[in-house]
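A.B. asks: One-letter residues, chain by chain:
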Amino acid sequence: MRVKAQITMVLNLDKCIGCHTCSVTCKNTWTKRDGVEYVWFNNVETKPGVGYPVQWENQEKYKGGWVMDGEDIKLRQGNRLFEFINIFHNPNLPTIDDYYEPWTYDYEHLFNAPRQENQPVARPKSLITGEKIELKWGPNWEDDLAGAPEHAINDPNLKGLEEEIRMKFEEAFFFYLPRLCEHCLNPACVAACPSGAIYKRNEDGIVLVDQDQCRGWRYCISACPYKKVYFNWKTQKAEKCTFCFPRIEAGLPTVCSETCVGKIRYVGVVLYDPDRLEELLKERDDRKLYEKQLKIFLDPHDPDVIEAAKKEGIPENFIKAAQNSPVYKLMVKYKVALSIHPEFRTFPMVWYIPPISPILQMYETNNGIFPDIEEMRIPLKYLANLLTAGNVEPIKDALKRLMAVREYMRDKELGREPNVDKLKLVGLTPEGAEELYRLLAIAKFEERFVIPTTKKENDRDVYKEQGYTGFDYIPDCDFCLP
Amino acid sequence: MLERLGYDAVNLFFWVIFPYIAITIFFIGNAYRYLTDQYSWTSKSSEILEKDTLRTASMLFHYGIILAFIGHIIGIVIPKSWTEELGITEGAYHMLALVGGTLAGVMVVLGLILFIYRRLTNPKVKAITTPMDWVVLILLLAITSLGLINTLFVQYDYRDTVAPWFRGLWTFTPDFTLMEDVPFLLKLHIFLAFVLVAIFPFTRLVHILSIPFSYIFRKPIIYRERCPR
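Heads up: the protein sequence lines correspond to chains C and B, in order. Using my numbering, read the first sequence as starting at 1071 and increasing by one per residue. Using my numbering, read the second sequence as starting at 461 and increasing by one per residue.
Fair warning: there could be bad hints in the mix.
[Unchecked claim] Reference excerpt, derived from the structure (chain C facing chain B, CB under 8 Å, subset only):
(1) Ile-1166
(2) Asn-1272
(3) Gln-1281
(4) Asp-1282
(5) Trp-1287
(6) Phe-1301
These aren't lab readings, by the way, just hints derived from the structure by calculation. Glycine residues also receive a C-beta, built at the ideal position from the N, C-alpha and C atoms.
Could you put the whole structure together from the sequences, leaning on the hints where they help?
C.D. replies: Below, the structure written as structure tokens:
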């Protein structure tokens, strides 16, 4: 057994209100520069919807992620020979129109327009060409199902649900899906980079692009099944979410997590065994991959794990953080958080708690123990296609647990006798229910974010490193050190 | 006598001094840029903005130029005596050079014309094109069309003159008198090629030096220390 630490995020979709605050604060911090105007390291999508870039989940189109190839797994886009042959033109690369052409408005005109009969208008103009453009698509064009009857039907997650598609107003459903880099345990972008410029940090598993080493071969962009590596058209290099590593190193949550209005995000450490990666990834059945990924995580309270972790040089404060990890509790202990598209076989490390939705009026309520789960407005199958490669059981279990906690706490608050047997049915104890309730509903800052600071005492040259915390590659930056 | 001296001086400049200046700039310039500014070291791809025309253009150009590069190695770097040793007759060599050279030349020139057309007609690609991109494109077009013209119409036997002169550059025994009787169009081809060598470190062409051979052997997932000791 080997042990590695991974900084991990869980998002509670049940509480996401789709306000885009995470996206905006992230953009202001990281991508407010020429060449990446179109780039959102964090974006919020309305689901069902085709997303950003359009149909990012459709791997027939983009060939992202990994697939089983006989006894082995390989990159879907092709092997190393394929990459060499096509290095002059990557056939699977999205173009800017798959994202959107970035624009601003001609605000000057509002001031400079001559006296005229009609009000002057600030027309949109492209941030690439500077020419006036007609807006036809944007990063959140489908907010709250806007235009859904026309294009949301192309959402790959609706596969198998076409028959019961509920696009009629009374039956429509939607929820928000904030997306960022998954900082995968088996990152396809890293494996696809011909230059070896993308790497996974040994200490915390954050996946970064070495800006000096990147040569702009573009394979990371097509290889990432989540389409979360972007091409800066001005510097002609790849850029991606950094998990705000300068903040993480200082023990602070990422900008998107800190500024989240709904307090839906959790950041913490999990320990995993990298030696088991290959064995677990080679599962033929896509639908079992979520459970396989669960098996890679190590129990931070197990003395053997602790000893092995110490042997690997994992600092004491990381082990402690793993033991108090909110994400470990949500993912492994209570299994309410689920992976996203495990069938891409990258073992993503940003997980989601599925949303509870209202019961559809059209069904007559029956009297089962959990009558509501199947009749929720958001079809279980849809959530399963998104989070567990179509396996409905883990979704059902997670939603049941969430419902059981609600019921238990409601009884308690109203002075009724809580039904402990019902908790038992979903594998919870009263203490467990209370802990989940605290985590999900009270959600104190220090309970949502348990992030160990990175020890820097032994760094080569601490003086030289100051000011280098992620901003060193911004050209013409006047506050960065040379 | 004086006339002869002036004539020699010109030849000395074009076929000894200038090539060495160009080669020096090439090595020092690339090394300096690599050590001080790798952030700008990229293939400068614009595929994200336009990929349909690019597919034909880029595949034609790059595969053509690789073919042309191999051809130049065979024709210039490898001495005539070696190929004759291998039993390749003058006639066979000539056929190979004519067919291969024409194929490579046509591919490259077509690719370049498409590149230029794309940069002029696609507004997004046009907007991000730098003056240096134009210098490189036009210089490449001039060099490669001259190469094609030389292959097809001049058909000069460079293996007894240009080739030994070129090899002499690398053994520090360049003999410019070998270049005296070379046709003007071929001289122009060679001179412009050395101009390209001289400006190489300051252009996008540096990506040629970054062919990712190490990718063939490396492990798929790379882990790195945050701050390596």
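A.B. asks: Now tell me, hint by hint, if it's right for this structure.
C.D. replies: Hint by hint, here is what the structure shows:
1. Ile-1166: Because about 6 Å separates C:Ile-1166 from the closest Cβ in chain B, which is inside the 8 Å limit, the hint holds.
2. Asn-1272: It holds, given that the least Cβ distance between C:Asn-1272 and chain B is near 5 Å, below 8 Å.
3. Gln-1281: With a closest approach of 6 Å, the C:Gln-1281 hint holds.
4. Asp-1282: holds (4 Å)
5. Trp-1287: holds (6 Å)
6. Phe-1301: holds (5 Å)
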